[in-house]
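So the protein sequences, as listed, match chains A and B. Numbers given in our numbering equal positions in the first sequence, counted from 1, plus 228. Numbers given in our numbering equal positions in the second sequence, counted from 1, plus 898.
It is possible that part of the hints are untrue.
In silico lysine to any residue, SDA-like type, Cα no more than 25 Å apart, as pairs [to be verified]: (1) A:Lys293 - B:Arg942; (2) A:Lys293 - B:Asp922; (3) A:Lys394 - A:Gly417.
Negatives, chain A to chain B, calculated, CB over 12 Å [said to hold, decoys possible]: (4) Thr375; (5) Pro430; (6) Ser471.
Computed, partial: chain A to chain B, Cβ under 8 Å [as the list claims (entries may be wrong)]: (7) Thr303; (8) Gly425; (9) Leu426.
No lab work stands behind these hints, which were simulated from the structure alone. Ideal Cβ positions, reconstructed from N, Cα and C, are used throughout, including at glycine.
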Amino acid sequence: MKFGRDDLHTLTGVYALDAIEPAERARFEHHLGRCRPCGNEVRGLAETATGLAMAAAVTPPPQLKQRVMTAVDLTRQLPPADQHRSRPALRTAWTPRLAAVAAAVSLIAAAALAAVGLSTRGELDRARAQNQAIAAVLAAPDARIKTQATTEGGTATVVMSRSEQKIIVTTAGLPKLPPAKVYELWLMGPPSTREAGLLPTPRSGKTAPVLASGLAAGDRVGVTVEPAGGTTRPTTPPILVMSLSG
Amino acid sequence: MNGRELRAVRPGPGSAEGRDQDLDRLLGLVTRGDKDAFEAVYDRMAGPVYGLIRRVIRDPAQSEEVTQEVLLEVWRTASRFDAARGSATTWMMTIAHRRAVDRVRSAAATAERERRCAQPEAAADEVAETVAANLDAERVRHCLGGLNELQRESITLAYYGGYSYPQVAQLLGTALGTVKTRIRDGLIRMRDCMGVNW
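Chain A on its own, in the form it takes in the complex (with noise of 0.2 Å):
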């Protein structure tokens, strides 16, 4: 479905209410960050939908607040967010053709200097490989790069491709992890979570590139923090969902 302006615009009503599809969500908010008229817009809505809520106020049951404060007890808190990448939401679009011809430089770069350190003619030969894949996806005509920051820091940064259903991940600045822990990736799917791969041990903070296969229309994609090796399904909370779409 293709939408004008006008339709756009009359999304603030049902987007207010969370009455959205997740695709069309992601096409408005993408909107959003370019049309302030549709931001204050949404917001007074938003906070007449909060009339709504509160008018359906019910007494809770008792026991109820004695196992959110136990809870509170084991839960750590984030810290605050950076203030310069405070709108995720409003700063996430992809970044047009160009750029991402600009950004597949560097990644090739950083893929070729991943591969500095390998010994023996094997590994040197899968590198080779990789990086010729990773290539294909860059070189495909609907490569799009989009870079999000994480909850706890850092940023990552995805290249995708719907044509070769793959995507290339790269991450800067994530916070350093225990030897026992390692970051895994994640597609994350409307029918299913799939593994992704792990990130390998950044050089300069930086991760060389991690390339996926099996990308479905719908898919997100997540980052989770799991035990040294990967799991086959996230055990923690997601530190990064990107949004594909918009």
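Given chain A's structure and the hints, the job is docking chain B onto it.
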């Protein structure tokens, strides 16, 4: 009372605005790990959060579970609340509604819920039942009453019913575009009626 009169009233301790400012302040303390402040947030907001979730999910056990998740998320992510982007109350109720909707839209919940909510017309009446409780609610009821039937039904099905607007269109046998614009028109009308300051 119309929107203009409300806007002219200075926010006192009992007004919605006064309460919002207080909640802002409490969330600031929560950010620093203040459990007493969180308890105060709980005392103030657990009712609205649970009530909204209960309205959407219906099942009391699941509603309780989701309410706990939401309140814990408020504790965990308090530092991400940004007063420049909206009120503290709206920040919390948006999390609550989003979570409730996620729960009912997950495939497993759908079948069971459809069995229970075969009567979409009930939604508007139920609002009337719950309201009597407080002044805010009285105002909401009054403003809902000022909408035409399609606007009111679309809004209550979408918000309290947790339906997406294409589902609302299907339930009401109305065109998609019509539901979309009725919801927007109705909300704008309610916004003006309620004297929302945006």
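For a quick check of understanding: which of the numbered hints are violated here, in increasing order? The structure breaks hints 8, 9; every other hint is satisfied.
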